[in-house]
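Engineer: Sequence:
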Amino acid sequence: MWIWQRPDWPKFSWNNERIEPMLRKVRLNQGILIGKMRSQPSDEKQQLLDTLLANIVHSSAIEGETLNAFSVRSSLANRLGLKEDATYPTTEQSDGLAEIMLDAVEQYDSPLTLKRILGWHQLLFPEGHSLIHPVNAGALRGKAPMQVVSGRIEKPTVHFEAPPRESLEKEVDTFIAWFNTSRDEPSLDPILRAAITHFWFVTIHPFEDGNGRITRLLTDLALVQAESQSVRFYAMSVAILERRASYYAALEHSQKGHLDITAWMEWFLDTLDSAFNSVMENIDQVIFKTRYWQRIDQTLLTKEQSKVLNKMLDGSFSDGINTTQYHRVAKVSKPSATRHLAYLVEIGCLVKLGGGRSTRYKLKCD
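Just so we're aligned, residue 1 is where the sequence shown starts under the working numbering, counting upward by one.
In case anyone wonders, no lab produced these hints; they're calculated from the structure.
Here the structure is a predicted model, which is why all the values come from computation and not from measurement.
There may be inaccurate statements among the hints.
What the hints assert, rightly or not - Heads up, simulated DSBU-like pairs for lysine-lysine below, C-alpha to C-alpha not over 35 Å straight-line:
id: 1; residue 1: Lys303; residue 2: Lys289
id: 2; residue 1: Lys170; residue 2: Lys256
id: 3; residue 1: Lys311; residue 2: Lys334
id: 4; residue 1: Lys334; residue 2: Lys25
id: 5; residue 1: Lys25; residue 2: Lys45
id: 6; residue 1: Lys303; residue 2: Lys334
id: 7; residue 1: Lys303; residue 2: Lys36
id: 8; residue 1: Lys36; residue 2: Lys311
id: 9; residue 1: Lys11; residue 2: Lys25
Said to hold, decoys possible - Between beta-carbon pairs, the in silico distance windows are:
id: 10; residue 1: Lys155; residue 2: Leu114; range: 18 to 24 Å
id: 11; residue 1: Val148; residue 2: Asp260; range: 18 to 24 Å
id: 12; residue 1: Ala342; residue 2: Glu65; range: 47 to 53 Å
id: 13; residue 1: Lys331; residue 2: Gly81; range: 40 to 46 Å
id: 14; residue 1: Gln298; residue 2: Arg24; range: 42 to 48 Å
Beta carbons: idealized from backbone N, C-alpha and C, even for Gly.
Could you build all of it, start to finish, from the sequences and the hints given here?
Structural biologist: If you want it as structure tokens, here you go:
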């Protein structure tokens, strides 16, 4: 029995004893992320562009579609009014992807309607997008059963089957009504609301194709409604792509079960927390790199020495660099590499570890 066949569908439940500690941790890291981002000087529109680009490209990659990131970036920049040094030709598809993403994260106070969702779907699949399997864009799926299958044609494995076509309008209307009213529900945490949004819509599976991408767009909309700032700083689709196998496994597990979606909630919160932590690690890396260069007189360095130090600051050679590695990266002779490394130790850029053939050099960190 699929979850939507349960008599009390869609009355979801979950184990608060397992979910509450995770939710507190996510909320704490969300606050830390917002604080760190606000403390760093940055161009808000540029930050938004980078985040939305990552979300669009990775959301499509989850479905196995590779986008031209340069075209999507140009489309986003045009709509944000940003002028970039290098521009790339846009396409109808890249313009459409930019439009629906910006509609979700900037028009978050606008009510969700079926017309709005169908408009997103229309832009997701512009005319001529796929000549092999054309998609009926901007319309709900047809009468054929909607199943997610794998394996051989003669012996397929059905991972999921969506509600039948005859009940689809009612299912979508119920979801939209809940989405619009639940935002003001004081007993429902906004992040848990985003998790329910994701699970519920992808379970309805209202389209021939593009269900995952529209689902993640709705999730972004729910998250930006939960906190209008933090969604500008991270891309959850990046974290989902990194966990794609467990993503589908968590959905399949919960869609086959009862209306207790604790397992899905746990996966969602853990993945969202991972997205926060990834951005915070990047921020810490930028801060570390900035502070390192602040105490170094870069006029004392050659371009080869600066190149190697920058690679080390970006995370390469975390166990330290040896003479051979320096020689290859800096493209200097091995004797020159030895002299460079000794000089970098002398002026306080590196510290020497070990001796003989096992000698390595690590960044000197105060």
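Engineer: Does each hint fit the structure? Answer for all of them.
Structural biologist: Hints, verified against the model:
1. Lys303 - Lys289: holds, 17 Å
2. Lys170 - Lys256: OK: Lys170 and Lys256 at ~21 Å, within 35 Å.
3. Lys311 - Lys334: It holds: about 19 Å lies between the C-alpha atoms, which stays within 35 Å.
4. Lys334 - Lys25: violated, 49 Å
5. Lys25 - Lys45: holds, 28 Å
6. Lys303 - Lys334: Holds - the C-alpha atoms of Lys334 and Lys303 are around 17 Å apart, at most 35 Å.
7. Lys303 - Lys36: holds, 32 Å
8. Lys36 - Lys311: It holds: about 24 Å lies between the C-alpha atoms, which stays within 35 Å.
9. Lys11 - Lys25: The given pair, whose Cα atoms are some 26 Å apart, holds under the 35 Å limit.
10. Lys155 - Leu114: 18 to 24 Å: For Lys155 and Leu114 the Cβ distance comes to about 38 Å; the hint is violated.
11. Val148 - Asp260: 18 to 24 Å: holds, 21 Å
12. Ala342 - Glu65: 47 to 53 Å: holds, 51 Å
13. Lys331 - Gly81: 40 to 46 Å: holds, 41 Å
14. Gln298 - Arg24: 42 to 48 Å: Given about 44 Å between the Cβ atoms, the range holds.
In the structure shown, a violation is registered for the earlier hints numbered 4 and 10, in ascending order.
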